[in-house]
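Undergrad: Reassemble the complex: the two chains are provided individually, in unrelated frames, and hints are given to aid placement.
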Amino acid sequence: MATVSANFRAADARRPLIGKRSLADWLLGAVAGIVFLALYAPIFLVFALSFFRTRRGEVQWDSFSLDWYGALFSNAEIAQALVFSLIVGFSATLAAIVLATGIALYASVPQRSERTRAVLEFLVFLPFLLPPIITGLSLLILSREIGLPRGFITISIGHTVFVLAIVYRILLTRIQAVSRNVLEASRDLGASRWQTFRYILLPQLGSAMAAAAMLAFALSFDETMITLFLVGDESTLPLRLYAMMRVGFTPEINALVTLVLIASVLLALIAARFIRGRVGDIEP
Amino acid sequence: MTQSPVDGGPLLSVRGLAMRYDATTALAAVDLDVQNGEFLTILGPSGSGKTTLLRLIGGFIEPSEGRILFDGVDIAHTAIEARPFNTVFQDYALFPHMNVAQNVGYGLMVRGRPKSEIAEKVAKYLEIVDLAGMERRHPAQLSGGQRQRVALARALICDPRLVLLDEPLAALDAGLRRQMQEFLKSIQRQTGVTFLFVTHDQDEAVTLSDRICVMAQGRVEQIGTARDIYYRPKSRFVATFFGDNNLIEGCRVTVDGACVETPLGVIDLAAPTALAGKRATLCIRPESLSPLSEGETADMSIQAQVTAVDFAGPVTRALLETDAGVRLSLKSFSRPERDSILAGARLTIGFTASATALIPAEAAP
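Protein sequences, first through last, are from chains A and B.
Residue numbering for the first sequence follows the numbering used here, starting at 1 and increasing by one per position.
Residue numbering for the second sequence follows the numbering used here, starting at 285 and increasing by one per position.
Check before you lean on any hint, since a few could be wrong.
Quick partial rundown of chain B residues pointing at chain A, CB under 7 Å, derived from the structure [stated by the list, open to error]:
{"no.": "1", "residue": "I364"}
{"no.": "2", "residue": "E365"}
{"no.": "3", "residue": "F373"}
{"no.": "4", "residue": "F521"}
Keep in mind that the hints were calculated from the coordinates and are not lab data.
Source: prediction; values computed, not measured.
Positions of the beta carbon are idealized from the N, C-alpha and C atoms, including for glycine.
Pulled out of the complex, with its shape left as it was, chain B reads as follows (with noise of 0.2 Å):
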């Protein structure tokens, strides 16, 4: 059960999967690596194809194409009980005539292991899950919190490779939610297991994950760590699923690749981009932005009328317009005396090229 993948190799690839009904695609050709050992949250709005890819990892439904490689074996038509992959539901699925023991213990009764080791290995998990002394309890006498926990048990047992977890924790919540999300973290570091863990909610999957997946519309849009997505979109949908985000159409980046010609002024890039000759949009998020006082400098620097304030406690938005007119919201930490940021003031913005990002430009209608 503990062979590693070959060295360094991601533990699980899944390569050109797709699924078709009739007519209708929920997944086209995914390709994904899971690393041994990480937090990887795949992220989307709902109808993004998340459970879709979930679902054919865990063996619950063959893919109308593709493979899922696990130790260098195509398994993606290999029968549900035969991989060494557990899923936690987001209904829970706890088996409702049995008790949390019988429940945690389930994986370990149907592989025939002896009554002792179940015992032992039951109270040990419970004993994780913080739920020792709950073993003769029904499901149905759990609270929320504590069905998720013997879920989680329940596939912890098996000594599973992967942990699939469907949106574990949206029946939730929202304080308990926390309080979850927080266990579930320090659950996959204590025991080192490999979660893959689907969600729509961008804050769970920034505070979760290692690496976060966003999908929408049964593609893979972008892989990469929470900072990347945030700070280095690659799509306009990846730019405005996360928070707010400034989109500044009509740039074009040079030939060379070396800078971009925007409407705020032309930027030095930071690094290199495939986007070397074509037309894109330049992102930078809101607190990105920051007035600057007299005498401060930055990479880039801009005039802009504020037209619109909104002190929101610990932070204050504004929106702005630039002298060649265009719009952008700016985010900075209020402060008790009463700041620069006022309607009608003019400011002097600063930013840095590394603080912004460039996607393809919409093709034109």
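One chain only, chain A, in its complex shape (with noise of 0.2 Å):
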């Protein structure tokens, strides 16, 4: 092979392992078709479902209304547990982007070993990582010991702990983006620490934050597991949908889990864009 000239090599390097239009390129074409289908033919049916009727098991294509809609607001417990679980997703969302900032710039500091960072971010990572059931569960051993009431408190704590990582994760990637001649710039102008954070750094973290707060919310939004462990009086949204189903499954479900699709997409979209950032946010 050593007297194969680098030209034919380059061609070689060039021809891909799967020809178009090949026995395998149809294969692999079929194995994505039926695996997007598995997973988005569901989606479509709730959300079809959300509109029409059905029949013995076939969608009324003529029955399109919103009566599902009309009939989840007016759902008083429904509302309440929106708005509780609103309430949380903001609470536990802030709370992460404080503490993750916090923990982000402590491990950034470039005096900082190479071990200490992986031991952050070990720590950090691992209650994204145990299974629900153990952070919850010891949650609940922790507050039933500390005599702290389930309730707002402790489901804002267990939201936080579990989408700490996320968010952790994005701004240390953005902090560690920003040059640190820049902020060393700051300082030889002048500018004291804080004022080098407060007007250099920050407003380069901004669109970083944006992004790791939607992340962080919509995490907080679904989150089940930990919540069933933490929960009190007030329910979230995903337990009263549950606790819905057991009774009996009402079609408003349907709209409900629509809405929620919107929403999350909608957001994980505008994150995404955020996380690319702006066009010169970074480099100049």
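TA: Shown next as structure tokens:
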């Protein structure tokens, strides 16, 4: 093979592993198709059923109505659960942003050893990777031991611990992307550490914070397992949904799931835009 | 802000400044005086410790040892924002989320100066760096040269006693680079602010500086004017770092220090030397050797054979070998007619004693 010319090898490297319109290409395309069907068909079904009625398992396409949405909005229990979920989501997101910014700043000090950084990363990520049942259960035991009543506070703590990892990762990446020279330039021009944080670092973290907040909020909004252990008198939306389904499946659940789905997709899209950042946000 | 240093004394004195990281020494006991109002260049190859020295003076890092005296006070451990020095960074380090006016005015803004004063001074300094009308642009919309000038205005607006420049022209292409050299020099003359400039480029150092401090391997090799550094090198490193040089080994200075015995003959020394009675190496620049025509005389004249000639437009370079077997390179202005420098020809070449310099001989291996 040593005699093969460089040109030939370059041309060879350009040849794709799988030829277009080959048998393998068709097969892989089919697999992809089946996977996407399995992933999205149920979602589409829920979406359709929130607008149309069914008779004997068949969708009646001429029966479009927003009745289920109307029923949903007049359901006080669901409205309460929605508001509670929003409040918990905001609180957990805010707490996670503040805490993760602190930890990420601590981790990004240049003199910090790689080892310290790895340990921090591990500690922050562990609750995210552990089965939620462990996080939920241990927080439950803790709250009982210290006599903290279950409810808003315990759920917010549980969600904060859960979403901290994702917020931390996004913020750390952005902090490390901010040029060290730019921070030094600020100090050199007479700014204190606080002024440098306030005027130079924080504005450059803005879009990353917004993205992290949206992802954190989305995670908190549909978190179920940890919440299950920590819930008090007031229920979050996913738990309310679960409770509703135990007594009988009503079509307004389809409407609710559709709304949550649309909101989640929107959040994810906006977050993705923010993560990429605006042009010229970091690099001049 | 305008108090002057003790009459005639240096603005800044570095004494025994050292920086060590674990096992490596980035800077070894450096002494340096910076005079008020001068353009001093720290010149050295990469790894010579020049940037470390600049960062220590700027306050970005703290030294392992040594003092930095400013107005008679040791500021080696003073906080960076408390030093009346400002830095122009190699990558400019402009604030990407701020426009030109905000960048330039930043130093005044964090000092809590009134808005009207900031606006007035920003306009004045943008005028100085020839960027008037660019206030609303963002760094991403500027060319390399323009960013450079914003960085300079941003440093100057704080009325620094000393401006530190860390290879600020390294990222620019050759043409723009020459233009910015002119510009830097004129700004420095215009404002009278002391510039401490770091570069690895010899030509840049010679063009810009009042004085040059040559560094290598964490030490100061020599400090002096460009002419000193060029014609009076004190070490082998300096002698070979700038351009071509003839190094003639195997010389010995007489005990009284009056003359030096060399393979080219005995040369009377024009100035006293610290190498009296020692082995030395003689340095002479190729263009300090000149071919002598019949009847011409010089302090020293030697016979040599031309072994190779290289016509390079304005100058002609030639390799010579003396009868004693010493190889020399010679550089002289080219002339339109066929001149005496021809391969294989015998030449009489002359030089003055004052064009030579002595450096300590290399320690015997």
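Undergrad: Work down the list of hints and note, for each, if the structure agrees.
TA: Hints, verified against the model:
| no. | hint | verdict |
| --- | --- | --- |
| 1 | I364 | 5 Å, holds |
| 2 | E365 | 5 Å, holds |
| 3 | F373 | 5 Å, holds |
| 4 | F521 | 30 Å, violated |
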